[in-house]
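Quick mapping for you: the protein sequence lines, in order, are chains A and B.
Numbering-wise, the first sequence is residues 0 to 515 according to numbering that gives the first Met the number 0.
Numbering-wise, the second sequence is residues 0 to 515 according to numbering that gives the first Met the number 0.
Hints listed in this document are in silico derivations from the structure and should not be mistaken for laboratory results.
Just so we're clear, the structure is a prediction, and the values are computed from it rather than from any experiment.
Identical copies go unnamed one by one, so any copy, or any two together, can satisfy a pair.
Here are the simulated BS3-like pairs of lysine-lysine, each with C-alpha atoms no more than 27 Å apart in a straight line:
id: 1; residue 1: Lys391; residue 2: Lys407
id: 2; residue 1: Lys289; residue 2: Lys413
id: 3; residue 1: Lys411; residue 2: Lys289
id: 4; residue 1: Lys407; residue 2: Lys289
There are 2 protein chains.
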Amino acid sequence: MFTLGRLIRSTSTSNIIAKRPLRLQRVSFVRPFTHIPYSSMATSKINKWVDENQSHLIDRLAKAVGIPSVSGNIAYIKDVERMAEFLIEQLTELGVKAETRPVGKHQLDGKEVDLPPVVIGHIGNDPNKKTLLIYGHYDVQPALKEDGWKFDPFTLTVDPEGSGKLYGRGSTDDKGPVLGWLNALEAHKETGTELPVNLKMIFEGMEENGSDGLDKFIESEKDKFFAGVDCMCISDNYWLDTKTPCLTYGLRGINYYEIRISGPDRDLHSGAFGGAIHEPMTDLISLMSKLVSPQGEILIPGVKDLIAPVTKDEQEKFEAIHFEMKDIHDAIGGDVTLTNDTVKTLMGRMRNPSLSLHGIEGAFSAVGSKTVIPCSVKGKFSIRLVPNLGIKNTTDLVIKYVNDEFMKLGSKNKCQVVLTHGGEPWITDPNHYSFRAAHKATETVWGQAPDYTREGGSIPITLEFANILGVNICLLPVGRGDDGAHSTNEKLDTSNYIQGTKLFAEYMHNLAAEQA
Amino acid sequence: MFTLGRLIRSTSTSNIIAKRPLRLQRVSFVRPFTHIPYSSMATSKINKWVDENQSHLIDRLAKAVGIPSVSGNIAYIKDVERMAEFLIEQLTELGVKAETRPVGKHQLDGKEVDLPPVVIGHIGNDPNKKTLLIYGHYDVQPALKEDGWKFDPFTLTVDPEGSGKLYGRGSTDDKGPVLGWLNALEAHKETGTELPVNLKMIFEGMEENGSDGLDKFIESEKDKFFAGVDCMCISDNYWLDTKTPCLTYGLRGINYYEIRISGPDRDLHSGAFGGAIHEPMTDLISLMSKLVSPQGEILIPGVKDLIAPVTKDEQEKFEAIHFEMKDIHDAIGGDVTLTNDTVKTLMGRMRNPSLSLHGIEGAFSAVGSKTVIPCSVKGKFSIRLVPNLGIKNTTDLVIKYVNDEFMKLGSKNKCQVVLTHGGEPWITDPNHYSFRAAHKATETVWGQAPDYTREGGSIPITLEFANILGVNICLLPVGRGDDGAHSTNEKLDTSNYIQGTKLFAEYMHNLAAEQA
Chain A
0 MFTLGRLIRS
10 TSTSNIIAKR
20 PLRLQRVSFV
30 RPFTHIPYSS
40 MATSKINKWV
50 DENQSHLIDR
60 LAKAVGIPSV
70 SGNIAYIKDV
80 ERMAEFLIEQ
90 LTELGVKAET
100 RPVGKHQLDG
110 KEVDLPPVVI
120 GHIGNDPNKK
130 TLLIYGHYDV
140 QPALKEDGWK
150 FDPFTLTVDP
160 EGSGKLYGRG
170 STDDKGPVLG
180 WLNALEAHKE
190 TGTELPVNLK
200 MIFEGMEENG
210 SDGLDKFIES
220 EKDKFFAGVD
230 CMCISDNYWL
240 DTKTPCLTYG
250 LRGINYYEIR
260 ISGPDRDLHS
270 GAFGGAIHEP
280 MTDLISLMSK
290 LVSPQGEILI
300 PGVKDLIAPV
310 TKDEQEKFEA
320 IHFEMKDIHD
330 AIGGDVTLTN
340 DTVKTLMGRM
350 RNPSLSLHGI
360 EGAFSAVGSK
370 TVIPCSVKGK
380 FSIRLVPNLG
390 IKNTTDLVIK
400 YVNDEFMKLG
410 SKNKCQVVLT
420 HGGEPWITDP
430 NHYSFRAAHK
440 ATETVWGQAP
450 DYTREGGSIP
460 ITLEFANILG
470 VNICLLPVGR
480 GDDGAHSTNE
490 KLDTSNYIQG
500 TKLFAEYMHN
510 LAAEQA
Chain B
0 MFTLGRLIRS
10 TSTSNIIAKR
20 PLRLQRVSFV
30 RPFTHIPYSS
40 MATSKINKWV
50 DENQSHLIDR
60 LAKAVGIPSV
70 SGNIAYIKDV
80 ERMAEFLIEQ
90 LTELGVKAET
100 RPVGKHQLDG
110 KEVDLPPVVI
120 GHIGNDPNKK
130 TLLIYGHYDV
140 QPALKEDGWK
150 FDPFTLTVDP
160 EGSGKLYGRG
170 STDDKGPVLG
180 WLNALEAHKE
190 TGTELPVNLK
200 MIFEGMEENG
210 SDGLDKFIES
220 EKDKFFAGVD
230 CMCISDNYWL
240 DTKTPCLTYG
250 LRGINYYEIR
260 ISGPDRDLHS
270 GAFGGAIHEP
280 MTDLISLMSK
290 LVSPQGEILI
300 PGVKDLIAPV
310 TKDEQEKFEA
320 IHFEMKDIHD
330 AIGGDVTLTN
340 DTVKTLMGRM
350 RNPSLSLHGI
360 EGAFSAVGSK
370 TVIPCSVKGK
380 FSIRLVPNLG
390 IKNTTDLVIK
400 YVNDEFMKLG
410 SKNKCQVVLT
420 HGGEPWITDP
430 NHYSFRAAHK
440 ATETVWGQAP
450 DYTREGGSIP
460 ITLEFANILG
470 VNICLLPVGR
480 GDDGAHSTNE
490 KLDTSNYIQG
500 TKLFAEYMHN
510 LAAEQA
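Pulled out of the complex, with its shape left as it was, chain A reads as follows:
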């Protein structure tokens, strides 16, 4: 799953102009695939093997979790390398032609070091089969026992109370899903089942720390390693709740802004100067108050008009999502939702833009009291973007509005509005054959149709792959909504790990069988 660090990976202090126009991914296939019929016999063999080898598969996850591959801390640099090697060994054993590839250097804790390499691999090269690209990451967030973990975070621990929860850093984000693919490959190998698709894979070791180097790698390998990819599957997000599998077909983008107000050239004492000067905080708070209403309505003229209208298909998909208001009340720890309508709530989180005021840099922010007039303050807010609110058209509206409102204040201070980061929204076709395959696989494995969700946050690497490779991407989560990626006591339920392995196998077989 994405990190905040990664959300904000590309930063510019100038007004960014969207490099790529926002578009729905529409991929046309000119290559006729041989129709490979779906074989329930093949998958039932696989499923049987998976069920019978659960402890072996959990042991694989235990080995991976045991390697503290924290990408954001130089102290773990060898562990990150070790994790890449572990994957290469495992993949090679499973018949995958796998290798690590360097993606450049970066500054880590003040030292210039190699970026963690990407692990790439491929198995199968049959022109009659579809070629599926999978992505995952082998690095993890930091974790310390003393942060509040019940068990050592780098020792996979089966819940002694019998819930089946597998605790450990990386269990769900993203080692469990990555190994799910390896497990599926092993199941094919051990049961003598032919892989129904050509499989290409890329596992990065820098996801939790900004995915540096990955976009350049994708770009440079577009027509080499990535040549011939028909569609892509990423398993790095989660179910919306704890009981309903889902397929994810959209992500909101984000524009992060700073309103910078400056006045005096030094911080002043409010006793000495309060009542005599234009205080930057007064101007800033006034401007920030004009961005969004307490009902969550974005007050910037023109923004609402840009939002793509809701289609019938979308409406139906949102109405079908298994979701109760209790779910969000539990998740946020309080009954402070804008509405008690489930569909409006889901659309608010997933398909409508939102504007959040995050805080102020330069003002007093500590506990206690300080009678300062800050000389220069930066108000931070972001707008979650959706089709057709892009980086540029939204920014044009924001800058004009804030500057116009500032002029109305009649202040002698200076005001500047800066887009510090822009990430486009992403949406793909949820009726694509890859989604149909994932849908059927979910029904087979979990006995129920999946919800069709969008993520309210951004997963920038999805956008990079979509833009550069131009393929449909199905986000197919393994873990549940309460797995606690990035938190203490991160876990993956045994059932999700085991069923997730089957899901991937079923998905590949359905993918092969679906008419492109």
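Starting from the known structure of chain A, fit chain B onto it as the hints suggest.
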């Protein structure tokens, strides 16, 4: 001069009710003093001695500055004690009956230690003379050479460029003024001049760290050590500019508030929840924007109506102040004053209330970007109080208004408004005989009439003395507006130190001569 720490010395999270009603100090004297005629012969002898003994007097200041009596750091606890002993020795030599008195214990850097003692002394007990109480402090702010000092901060250094500036921590705040009194006593002793008043003195060692223990000491000694005090003089503030002496007769008070908004029980990711919930920051920013206009106008209904009307005498005193807009533009480093009218600017700083928005606790405040929805935020603002805006009547208006405005938002979050600190404004009669005496002394020593100023900030200990002893207090500064108390390269001009000594002597003689 006061510290921020001291401004906020009494903190309560409940809504404080003003303990003492706001009042002008009106002191009636029932005791007829013998009229002691002003003797220019006496003071000219004294002035001559002072001029001839400048290096001796500067040496005294050098000894004092050489003792790093930093009250806010346990590492200097012995130096603070040593500074008290130094004063006792000096005072005793000058014929003052001086002693240290304990004022309790406090926590310093995590250890419970004795508070620095107060040094009290008295000289003269003639019922026919007025009794003057003087206050000063012997502790200083921290200072390290590496903070940007040109010279060692604890070695008094005469500017080698010949400006006459005496650099050193405590030179102007407040060792120079304290020693000015000692110098004046020595001049009387050495010239065989009778002291025209009975003099009581209290020098504390905790001013820069909250004056803890002092209020209780004043209260407990009200009818003992402080019995018979007729008026008080404090030299612990500064001229408004660098060339015009002033007398200070008022201080603004301060009410410090927090608006606390809470919603969810944990911080949330704006990707996951933006657009679905009432965000506490949105409510807070909306409320904060309704407190003060960009033109500095307080928007809380009823506040303006409470302000005492400007009297003709006040108006004249403000109009007479030597002040140019350039002075404040230089002081703040920019032309962002609300007006270019000097009187309006001075009244804005000194006699009118002001409302400053200081910052927000709980929101994102660092450099960079973070897409957090803070679950609980505290907006901090303060109102500078003036007659007749007291702690309680102002707070009643603030709480009602903020709560009313919050109700209008239609938010499900919770809102609480809390007064975290209250300090009443203080004003005294600038036509009192003590001010008349200080006025004449200023004309004699500096060759010009003083400005009559008020401080925009608070000096809480002034209020304590005024309330408990019920006497007129003349704030009679020695240093200039650019002395840089609390800053690096704090200095006192030699002329201010030497003339300040004469000013105190002249003041005492004029005080004796003035009709009560």
